[in-house]
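Number of protein chains: 4
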Amino acid sequence: MQELPLVKPAHEQEHIDKCTRRLSTIEGQVRGLKRMIEEDANNCVDILTQISSVHEALRSVGKEVMRKYLKTCATNAIKSGSDDVYDELMGVIYKYVK
Amino acid sequence: MQELPLVKPAHEQEHIDKCTRRLSTIEGQVRGLKRMIEEDANNCVDILTQISSVHEALRSVGKEVMRKYLKTCATNAIKSGSDDVYDELMGVIYKYVK
Amino acid sequence: MQELPLVKPAHEQEHIDKCTRRLSTIEGQVRGLKRMIEEDANNCVDILTQISSVHEALRSVGKEVMRKYLKTCATNAIKSGSDDVYDELMGVIYKYVK
Amino acid sequence: MQELPLVKPAHEQEHIDKCTRRLSTIEGQVRGLKRMIEEDANNCVDILTQISSVHEALRSVGKEVMRKYLKTCATNAIKSGSDDVYDELMGVIYKYVK
Chain V
1 MQELPLVKPA HEQEHIDKCT RRLSTIEGQV RGLKRMIEED ANNCVDILTQ
51 ISSVHEALRS VGKEVMRKYL KTCATNAIKS GSDDVYDELM GVIYKYVK
Chain R
1 MQELPLVKPA HEQEHIDKCT RRLSTIEGQV RGLKRMIEED ANNCVDILTQ
51 ISSVHEALRS VGKEVMRKYL KTCATNAIKS GSDDVYDELM GVIYKYVK
Chain C
1 MQELPLVKPA HEQEHIDKCT RRLSTIEGQV RGLKRMIEED ANNCVDILTQ
51 ISSVHEALRS VGKEVMRKYL KTCATNAIKS GSDDVYDELM GVIYKYVK
Chain F
1 MQELPLVKPA HEQEHIDKCT RRLSTIEGQV RGLKRMIEED ANNCVDILTQ
51 ISSVHEALRS VGKEVMRKYL KTCATNAIKS GSDDVYDELM GVIYKYVK
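Protein chains in written order, with my numbering: chain V, 1 to 98; chain R, 1 to 98; chain C, 1 to 98; chain F, 1 to 98.
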């Protein structure tokens with residue numbers, strides 16, 4: 001049987017678009033960083049500032065994914081009432097929140 | 001007058017190569033992240049793990065640049081004996097060390 | 001009318017005891033730090049190591065409180081199905097997780 | 001032979017006083033935290049806020065000690081021109097800066 005192309009629910013497509021748009025921006029920032037270092041590697045403080053911006057942009061993608069995680073995966077688990085869920089939740093939060 | 005192409009000292013060229021090689025790897029990781037999210041945005045924990053790896057790789061570039069900063073900019077300043085230098089040094093360290 | 005002394009449920013009393021025990025340890029560590037600095041303030045690296053241990057101990061209290069927050073406050077909210085709850089949850093997590 | 005009481009140089013005594021004063025404040029904050037938790041352990045967000053303040057206060061002591069480290073230990077090493085010093089310096093900075 002042929003697999004049908006999946007149409008994703010609107011809010012999911014929105015989430016995907018938001019994340020990939022930001023990741024494309026990050027790709028551009030990383031390319032910019034390479035140029036900065038090639039042109040003047042002694043310009044340390046400006047390079048560090050730019051690296052900081054990339055971390056910040058990446059963190060915003062991470063937050064978006066963490067929100068999705070809480071909203072779907074974690075919420076289902078909490079509603080199920082299982083007790084192990086808090087260990088998993090705490091593990092994910094303390095591992096990935098920066 | 002025509003500008004001559006600058007030949008950089010060996011250790012500086014090494015620093016530049018190390019940083020740009022790592023940044024190219026990071027570009028690849030970011031493209032991989034986009035694909036992961038497009039293919040299955042519900043795979044939250046794996047996506048968060050991959051985002052973490054990119055932060056880690058970026059941090060290693062940051063450390064390389066911070067070492068260069070300390071070795072050149074900061075060292076010159078400290079040798080000069082100026083007192084303001086510690087304020088600047090503390091500012092840079094506490095702003096950029098992650 | 002006279003207020004009766006409240007008897008707390010066992011798991012809550014356990015949580016309180018765990019936190020206060022750790023906080024008493026932290027008080028002792030902070031006093032130790034004062035002595036270290038008074039005795040030899042040039043012993044910078046050892047002092048920084050001890051400060052790190054206090055952060056670590058404090059973080060473990062924070063984790064214990066965050067788990068309680070997720071288990072009670074947040075879980076009630078998620079079960080209620082309100083949509084704002086994820087904004088609050090994300091706010092608390094990103095503000096307090098270290 | 002009897003050991004004479006050491007008189008510390010003014011800027012060192014100032015450093016010690018600053019650190020111990022702040023550590024006494026932190027001790028008070030930690031005791032306050034114990035009371036908060038004993039009185040109402042369900043007040044999670046306020047408790048997390050208070051824990052955050054203690055981290056912040058502790059970080060300010062850490063910064064003061066890091067500045068001293070850079071000013072004395074590290075500066076001597078950099079002036080000596082030894083090459084290993086940057087490894088040590090990077091190690092201390094990346095281990096203790098929060």
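Hints may be right or wrong, so weigh each one.
Pairs count within a copy or across copies, as identical chains cannot be separated in the list.
As the list claims (entries may be wrong) - Lysine to any residue pairs mimicking SDA-like chemistry, simulated, CA-CA at most 25 Å apart: (1) 98 / 10; (2) 34 / 85; (3) 71 / 27; (4) 95 / 40; (5) 18 / 79; (6) 8 / 67; (7) 18 / 86; (8) 79 / 29; (9) 71 / 28; (10) 63 / 20; (11) 34 / 82; (12) 18 / 63.
The set of hints was computed from the structure by calculation and includes no laboratory data.
Taking 25 Å as the upper bound on the Cα-Cα distance, should residue 79 and residue 29 be classified as within, between, both, or neither?
Close neither inside one copy (40 Å) nor across copies (35 Å); limit 25 Å.
Is it within a copy, between copies, both, or neither that the alpha carbon of residue 34 lies no farther than 25 Å from that of residue 85?
neither (42 Å within a copy, 28 Å between copies)
One pair to classify: residue 8 and residue 67, alpha carbons no more than 25 Å apart. Within, between, both, or neither?
within (18 Å within a copy, 34 Å between copies)
Between copies, within a copy, both or neither: which fits residue 18 and residue 79 at Cα up to 25 Å?
Result: close neither inside a copy nor across copies, 28 Å intra and 27 Å inter.
Treating 25 Å as the Cα threshold, decide for residue 18 and residue 86: within, between, both or neither.
Classified as between: cross-chain Cα gap 18 Å, same-chain 28 Å, threshold 25 Å.
25 Å Cα cut-off: does residue 34 pair with residue 82 within a copy, between copies, both or neither?
Result: close neither inside a copy nor across copies, 48 Å intra and 31 Å inter.
At most 25 Å between C-alpha atoms: does residue 71 with residue 27 qualify within a copy, between copies, both, or neither?
neither (28 Å within a copy, 29 Å between copies)
Please sort residue 71 with residue 28 into within, between, both or neither, judging by C-alpha distance up to 25 Å.
Neither, since 30 Å and 29 Å both go past 25 Å.
For the identical chains here, do residue 18 and residue 63 meet the 25 Å Cα criterion within one copy, between copies, both, or neither?
Result: close within a single copy only, 12 Å intra versus 30 Å inter.
Copy assignment of residue 98 with residue 10, given that the CA separation must stay at most 25 Å:
Neither: 29 Å inside a chain and 34 Å across chains, both beyond 25 Å.
Classify it for me, residue 95 with residue 40: is the Cα-Cα distance of at most 25 Å met within a copy, between copies, both or neither?
between (36 Å within a copy, 21 Å between copies)
What label fits residue 63 with residue 20 when the C-alpha limit is 25 Å: within, between, both, or neither?
The answer is within: 14 Å in one copy meets 25 Å, while 27 Å across copies does not.
In this structure, the hints that do not hold are numbers 1, 2, 3, 5, 8, 9, 11, in rising order.
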